[in-house]
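Enquirer: Protein sequence lines correspond, in order, to chains A and B. Quick note, the first sequence lines up with residues 1 to 261 if you use full-length UniProt numbering. Quick note, the second sequence lines up with residues 1 to 261 if you use full-length UniProt numbering.
Don't take each hint at face value.
Identical chains blur together in the list; that is why a pair holds if it fits in one copy or across any two.
As the list claims (entries may be wrong) - Straight line, CA to CA, 30 Å or less: simulated BS3-like cross-link-like pairs of lysine-lysine:
#1 Lys67 <-> Lys130
#2 Lys131 <-> Lys67
#3 Lys131 <-> Lys205
#4 Lys249 <-> Lys103
#5 Lys247 <-> Lys103
#6 Lys170 <-> Lys103
#7 Lys67 <-> Lys205
#8 Lys205 <-> Lys130
Rather than coming from a laboratory, the hints here were simulated on the basis of the structure.
2 protein chains.
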Amino acid sequence: MVLRFPFKQRSRSYESDEHERGACEWCEYALVITLATVLLIGVSALTIFWTFFYREGYAWADELPEKQFNLHPTLMVAGFITFSGFSVLLYRICRCFRRIYVKLLHAIFHALAFPCIVIGFLAVLDFHNKKGINNFYSLHSWIGFVAMGLFGIQYVVGFFSFLLLLICNKGTANFRASLVPIHAAFGILTFVLGVCACLTGLTEKALFTLGAERYSGLPDEGVIINAIGVAIIAILAVVMYIVSRNKFKADSRDMTASVDL
Amino acid sequence: MVLRFPFKQRSRSYESDEHERGACEWCEYALVITLATVLLIGVSALTIFWTFFYREGYAWADELPEKQFNLHPTLMVAGFITFSGFSVLLYRICRCFRRIYVKLLHAIFHALAFPCIVIGFLAVLDFHNKKGINNFYSLHSWIGFVAMGLFGIQYVVGFFSFLLLLICNKGTANFRASLVPIHAAFGILTFVLGVCACLTGLTEKALFTLGAERYSGLPDEGVIINAIGVAIIAILAVVMYIVSRNKFKADSRDMTASVDL
Numbered sequence: 001m002v003l004r005f006p007f008k009q010r011s012r013s014y015e016s017d018e019h020e021r022g023a024c025e026w027c028e029y030a031l032v033i034t035l036a037t038v039l040l041i042g043v044s045a046l047t048i049f050w051t052f053f054y055r056e057g058y059a060w061a062d063e064l065p066e067k068q069f070n071l072h073p074t075l076m077v078a079g080f081i082t083f084s085g086f087s088v089l090l091y092r093i094c095r096c097f098r099r100i101y102v103k104l105l106h107a108i109f110h111a112l113a114f115p116c117i118v119i120g121f122l123a124v125l126d127f128h129n130k131k132g133i134n135n136f137y138s139l140h141s142w143i144g145f146v147a148m149g150l151f152g153i154q155y156v157v158g159f160f161s162f163l164l165l166l167i168c169n170k171g172t173a174n175f176r177a178s179l180v181p182i183h184a185a186f187g188i189l190t191f192v193l194g195v196c197a198c199l200t201g202l203t204e205k206a207l208f209t210l211g212a213e214r215y216s217g218l219p220d221e222g223v224i225i226n227a228i229g230v231a232i233i234a235i236l237a238v239v240m241y242i243v244s245r246n247k248f249k250a251d252s253r254d255m256t257a258s259v260d261l
Numbered sequence: 001m002v003l004r005f006p007f008k009q010r011s012r013s014y015e016s017d018e019h020e021r022g023a024c025e026w027c028e029y030a031l032v033i034t035l036a037t038v039l040l041i042g043v044s045a046l047t048i049f050w051t052f053f054y055r056e057g058y059a060w061a062d063e064l065p066e067k068q069f070n071l072h073p074t075l076m077v078a079g080f081i082t083f084s085g086f087s088v089l090l091y092r093i094c095r096c097f098r099r100i101y102v103k104l105l106h107a108i109f110h111a112l113a114f115p116c117i118v119i120g121f122l123a124v125l126d127f128h129n130k131k132g133i134n135n136f137y138s139l140h141s142w143i144g145f146v147a148m149g150l151f152g153i154q155y156v157v158g159f160f161s162f163l164l165l166l167i168c169n170k171g172t173a174n175f176r177a178s179l180v181p182i183h184a185a186f187g188i189l190t191f192v193l194g195v196c197a198c199l200t201g202l203t204e205k206a207l208f209t210l211g212a213e214r215y216s217g218l219p220d221e222g223v224i225i226n227a228i229g230v231a232i233i234a235i236l237a238v239v240m241y242i243v244s245r246n247k248f249k250a251d252s253r254d255m256t257a258s259v260d261l
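Next comes chain A alone, as it looks inside the complex:
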């Protein structure tokens, strides 16, 4: 009985006694996580700056459709990149938390991303209808549609499987454990699709707003739009690096054991 208690404790957190991390590894970890945090917050801040400085801010009114459109890039970047990015990285950032808290934070960050994506989508749909522009004709909209669909399915499946099914903790442990890699793989795919949707959207916006000729002269606004794209690419690179680094992951024994919570 005395022996079982510490094992139980360890299985519920990301901390592993067996694998002490060296100073060098901690430095790399801290550096990469800080970089990811700065980029994830920075890309949304840059999008808001672009909107206020070059596109006259936000609105939701029939007589100001252009300002209403501005909600679309801002909320989609916030939803698909900033909140979703943090939500993915939580499993690497909060290594010393109990797993149930990380799960709840993961769900909360996605719950923050959800209204951003829905309102961001409604903003452009309403803008198109007000201006008499067709919906869902461009490659950007097709990618975005698939990304939104995957996001919704992932959220519903994740919420029911990893939170609600905890009511029947032991009976569903195997099912939940087998679902983890599928949920993780589709989560990364949704994130990458979100990145692709943002990049094609920024390309469209630059050409629609600046026009091909002005854009080719690379005015200040063009640089800002490109910089948002570059920041998204940098986030993609950092997220892929962090996710692929086994050393950043919780100990594999902990991961398997902790699926019970």
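Please build the complex by placing chain B on the supplied structure of chain A, with the hints as guidance.
Expert: Using the frame of chain A, we list chain B on its own:
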């Protein structure tokens, strides 16, 4: 001595005696590899069809700059998607080959991708210069530039480290083994950047060639351009799935042992 021989043999191939694959696993493997092959060949075929059917084919002449431009999407899709895609998947497709042959095939596929990317880049550079259009102003060109740079670095590093350093096989084994995950991670990143460059490029091309109004009516050519983009997204999903599936990988002991070759 008798015992060492079969171990040596196994360490040089992807075949593992310890892990026999079930019928279900083989079915999934065959299905996914077939799907990847069809998509990788299909996307290049579709791009060539688009060029001949809607864009009047290819040329490299001062009086036909538009036809010269057509080399750009075709060769970039061939280089960054088809050849690079096969090159990445070789490590999952050729599981029963000796590792050195897989390495050589990997190098050959990248050697095929290399001139495609170089000529594809020169085609658009020359087109821009002939038409008096600025170079490297768009987000697409920035992403493409980074993707090309990474591709070049990866090729040089890979060629020297994993092929030339075999001259000093034992002395460099540890160095090469430590380089494998870095080379693999940057390889996937290069592939994803290639995908992003293709998608933003297709968006630009649709808007430049069809114009915003015609594109929004979704003419046949718009559907074909979008279909190329969707095929690229499907390839990305399948490649990420195959790469993430541990079951498709060679046995981990084989992987470590086979780094000697």
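Enquirer: For lysine 249 vs lysine 103, is the C-alpha pair at or below 30 Å within one copy, between two copies, both, or neither?
Expert: both (15 Å within a copy, 29 Å between copies)
Enquirer: Between the shortest in-copy and the shortest cross-copy C-alpha distance, which are at most 30 Å for lysine 131 and lysine 205: within, between, both, or neither?
Expert: Classified as both; 16 Å inside a copy, 24 Å across copies.
Enquirer: With identical chains, the pair lysine 170 and lysine 103 could be close in the same copy or across copies; at 30 Å between alpha carbons, which is it: within, between, both, or neither?
Expert: Within one copy only: 17 Å inside a chain, 45 Å across chains, cut-off 30 Å.
Enquirer: At most 30 Å between C-alpha atoms: does lysine 67 with lysine 130 qualify within a copy, between copies, both, or neither?
Expert: Close inside one copy (12 Å), not across copies (39 Å); limit 30 Å.
Enquirer: Is it within a copy, between copies, both, or neither that the alpha carbon of lysine 131 lies no farther than 30 Å from that of lysine 67?
Expert: Close inside one copy (13 Å), not across copies (35 Å); limit 30 Å.
Enquirer: State whether the alpha carbon distance between lysine 247 and lysine 103 is at most 30 Å within one copy, between copies, both, or neither.
Expert: both (20 Å within a copy, 27 Å between copies)
Enquirer: Taking 30 Å as the upper bound on the Cα-Cα distance, should lysine 67 and lysine 205 be classified as within, between, both, or neither?
Expert: Close inside one copy (13 Å) and across copies (27 Å); limit 30 Å.
Enquirer: What label fits lysine 205 with lysine 130 when the C-alpha limit is 30 Å: within, between, both, or neither?
Expert: Close inside one copy (18 Å) and across copies (27 Å); limit 30 Å.
In summary, the structure agrees with every hint in the numbered list given earlier.
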